[in-house]
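Those protein sequences? They're chains L and H, same order as listed.
FYI, the numbering for the first sequence is 5 to 317, going by this note's numbering.
FYI, the numbering for the second sequence is 5 to 317, going by this note's numbering.
If you're looking for bench data, these hints aren't it; they were derived computationally from the structure.
Wrong hints could be hidden among the right ones.
Identical copies go unnamed one by one, so any copy, or any two together, can satisfy a pair.
[Stated by the list, open to error] Straight-line distance between alpha carbons at most 25 angstroms, and here's what the computed SDA-like set of lysine to any residue pairs gives: (1) 211 x 72; (2) 211 x 144; (3) 81 x 142; (4) 81 x 120; (5) 211 x 136; (6) 81 x 155; (7) 211 x 23; (8) 211 x 95; (9) 211 x 117; (10) 211 x 230; (11) 211 x 103; (12) 211 x 118; (13) 256 x 294; (14) 211 x 94; (15) 256 x 276; (16) 211 x 137; (17) 211 x 116; (18) 81 x 118; (19) 211 x 120; (20) 81 x 152; (21) 211 x 119; (22) 81 x 119; (23) 211 x 140; (24) 211 x 161.
Residue strings, one per chain:
There are 2 protein chains.
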Amino acid sequence: MATIAIHGGAGTILRSAMTRELEADYRDGLTAALNAGWEILERGGPSLDAVEAAVISLENFPLFNSGRGSVFTTEGKNEMDAAIMDGSRLRAGAVAFVQNVVNPIKLARLVMEQTEHVLLAGTGANQFAAQQGVEMADDAYFFTQHRYDQLLEARDRGVVQLDHTVDEADLITEADERPKGTVGAVACDNAGRLAAATSTGGMTNKKFGRIGDTPIIGSGTYADDVCAVSCTGHGEYFMLGATAYDVSARMKYQNLTLEQAAAGTIARLTEIGGEGGLIAVDGRGNVTLPFNSDGMYRASVTADGEFIIDIYA
Amino acid sequence: MATIAIHGGAGTILRSAMTRELEADYRDGLTAALNAGWEILERGGPSLDAVEAAVISLENFPLFNSGRGSVFTTEGKNEMDAAIMDGSRLRAGAVAFVQNVVNPIKLARLVMEQTEHVLLAGTGANQFAAQQGVEMADDAYFFTQHRYDQLLEARDRGVVQLDHTVDEADLITEADERPKGTVGAVACDNAGRLAAATSTGGMTNKKFGRIGDTPIIGSGTYADDVCAVSCTGHGEYFMLGATAYDVSARMKYQNLTLEQAAAGTIARLTEIGGEGGLIAVDGRGNVTLPFNSDGMYRASVTADGEFIIDIYA
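Full structure from sequences and hints, please.
Structure (structure tokens):
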């Protein structure tokens with residue numbers, strides 16, 4: 005049975021720091037993305053197209069840290085990472101720190117479909133983008149004032165910062181400085197094929213060509229014939245725990261349900277000091293969206309086609 | 005009980021295409037590297053130091069595709085990847101396509117110990133190298149004629165090529181064109197602490213900033229409190245299978261021995277079309293070195309301190 009789930013990042017998302025207008029905007033962004041993916045599944049389309057469409061919608065929505073609205077590096081640039089995986093064929097494509105690419109997830113899909121590789125990075129990945137003729141935009145397209153203000157503040161304070169930092173300065177604690185901005189989608193189509201996609205602008209004030217978990221197959225993104233997983237949170241811990249693949253491994257090797265496996269994976273993430281969450285689906289249309297942070301922007305579709313949208317824990 | 009295993013790459017390594025002199029050189033290189041690591045373990049040193057020392061030795065030896073003697077990109081450059089993981093603390097550091105760094109594995113260790121990150125790539129990683137003051141060398145240091153000839157030939161034929169290509173032109177088949185060059189080490193020290201390290205020059209004639217499995221935690225390199233794993237072979241398949249972490253997952257979730265788990269992981273690799281091998285140790289000093297290719301340059305130490313060095317299947 006076809007289903008889809010999406011996320012718009014996890015972190016210190018507090019109701020007390022959210023205005024009614026801003027919350028409505030976030031809900032609109034999630035609804036539009038879920039709809040973009042669900043439309044494809046409803047008419048019998050492939051899960052791969054559905055997760056790509058949902059992530060494109062999230063990338064284009066400036067409030068989320070991916071595509072338009074990505075955070076800034078220490079040099080004031082937007083450098084973006086993305087990955088997509090087709091579980092039914094066990095194929096994947098990913099890009100790391102590409103610049104000026106309107107939809108990094110489309111470029112990740114081209115890596116999967118047009119090359120023998122899985123991951124392309126940096127200027128080389130941008131050369132590939134040019135060769136493929138993907139849509140590019142100038143820096144102004146990606147600029148958002150709230151992200152730029154976050155960079156200025158992070159530079160002042162000498163920290164690397166998460167994307168969903170609350171606005172009140174007095175609420176900004178050690179925990180808030182962790183990077184937790186990502187968008188993602190997982191889906192199962194009518195044929196039971198699974199797919200996952202994840203996209204991010206990375207960490208505010210990042211430097212030295214840091215790559216997080218998003219474009220790493222097995223860490224931030226994974227799909228096979230068992231489940232499809234997209235993660236969001238403090239990326240380094242998802243890399244150390246091989247978090248996305250761990251859900252599949254627990255299902256395959258321990259015969260756990262999707263929900264049990266994902267809960268075990270998040271428990272392990274907590275144990276090793278990581279913060280964030282994941283969304284996952286299996287081939288029977290089960291969905292789970294566990295996280296250990298204060299909130300995670302998330303949405304999914306029920307068996308009856310009803311949209312469920314949530315932000316807080 | 006302390007033990008160590010190393011590899012110098014897997015691929016189409018045929019006895020018929022090897023001279024006696026060349027085979028002796030490979031054996032010398034493996035012996036020196038095993039010795040560099042074993043010396044540290046024998047005097048009670050940490051596995052992390054042992055795997056680093058072994059990989060430094062392999063990086064410095066020009067016959068192996070890492071450090072000095074790395075293959076050339078399509079632009080005639082040496083771009084290197086490396087990763088190291090400390091299983092006892094579940095920490096890791098990695099670098100991707102760094103240039104002119106004499107020992108990429110040392111830089112990977114600095115990422116682990118001096119930053120909050122796991123993976124740094126490209127010019128950013130080179131900036132980090134400069135900041136840390138690691139040893140650099142000009143292009144001439146990394147140049148080897150046999151690698152350059154491989155590039156010229158690969159360019160002529162328009163293919164991306166493995167490192168251990170046999171010399172006879174008539175032996176070069178489709179299979180030979182796959183990338184399989186890497187070096188690596190895994191060790192268990194007297195305290196039962198596990199560590200893994202892997203380093204590579206990547207694929208001959210590679211372009212577009214391709215990153216393979218070597219610097220990907222969970223794909224080419226992994227260590228935790230269960231096992232330490234370093235892989236070599238056609239990197240993309242090791243990424244799709246989350247191969248290095250899969251050994252740990254099978255041990256933890258299926259209660260398999262190291263040997264059973266690694267055999268299962270290689271069987272899965274074969275099933276998905278991947279070629280290559282891995283070396284692995286567990287906390288009791290067990291060692292396994294399975295591969296599905298014609299050969300893998302490999303060495304390990306027995307319980308009696310005897311060195312075992314092998315090349316062919």
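With identical chains, the pair residue 256 and residue 276 could be close in the same copy or across copies; at 25 angstroms between alpha carbons, which is it: within, between, both, or neither? Both, since 22 angstroms and 16 angstroms are each at most 25 angstroms.
Intra- versus inter-subunit Cα pairing at 25 angstroms for residue 211 with residue 120: between (29 angstroms within a copy, 11 angstroms between copies)
Classify it for me, residue 211 with residue 144: is the Cα-Cα distance of at most 25 angstroms met within a copy, between copies, both or neither? within (21 angstroms within a copy, 29 angstroms between copies)
I want to check one pair: residue 211 and residue 118. Are their C-alpha atoms no more than 25 angstroms apart within a copy, between two copies, both, or neither? between (30 angstroms within a copy, 14 angstroms between copies)
Within a copy, between copies, both or neither: where do residue 211 and residue 94 come within 25 angstroms Cα-Cα? between (32 angstroms within a copy, 23 angstroms between copies)
For the identical chains here, do residue 256 and residue 294 meet the 25 angstroms Cα criterion within one copy, between copies, both, or neither? both (19 angstroms within a copy, 22 angstroms between copies)
Evaluate residue 211 and residue 119 at a C-alpha cut-off of 25 angstroms and name the case that applies: within, between, both or neither. between (28 angstroms within a copy, 11 angstroms between copies)
Given identical chains, is residue 81 near residue 142, meaning Cα to Cα at most 25 angstroms, within a copy, between copies, both, or neither? Within. Shortest intra-copy distance 11 angstroms satisfies the 25 angstroms Cα cut-off; inter-copy 30 angstroms does not.
Can you tell me if residue 81 and residue 155 fall within 25 angstroms by alpha carbon in one copy, between copies, both or neither? Answer is within: at 10 angstroms inside a copy they meet the 25 angstroms cutoff, but 34 angstroms across does not.
At most 25 angstroms between CA atoms: does that hold for residue 211 and residue 136 within a copy, between copies, both, or neither? between (27 angstroms within a copy, 14 angstroms between copies)
At 25 angstroms max between alpha carbons, let me know whether residue 211 reaches residue 117 within a copy, between copies, both or neither. between (30 angstroms within a copy, 16 angstroms between copies)
Is it within a copy, between copies, both, or neither that the alpha carbon of residue 211 lies no farther than 25 angstroms from that of residue 161? Answer is within; shortest intra-copy Cα gap is 15 angstroms, inter-copy 38 angstroms.
Going down the numbered hints, you'll see the structure goes against 7 and 10, while the others check out.
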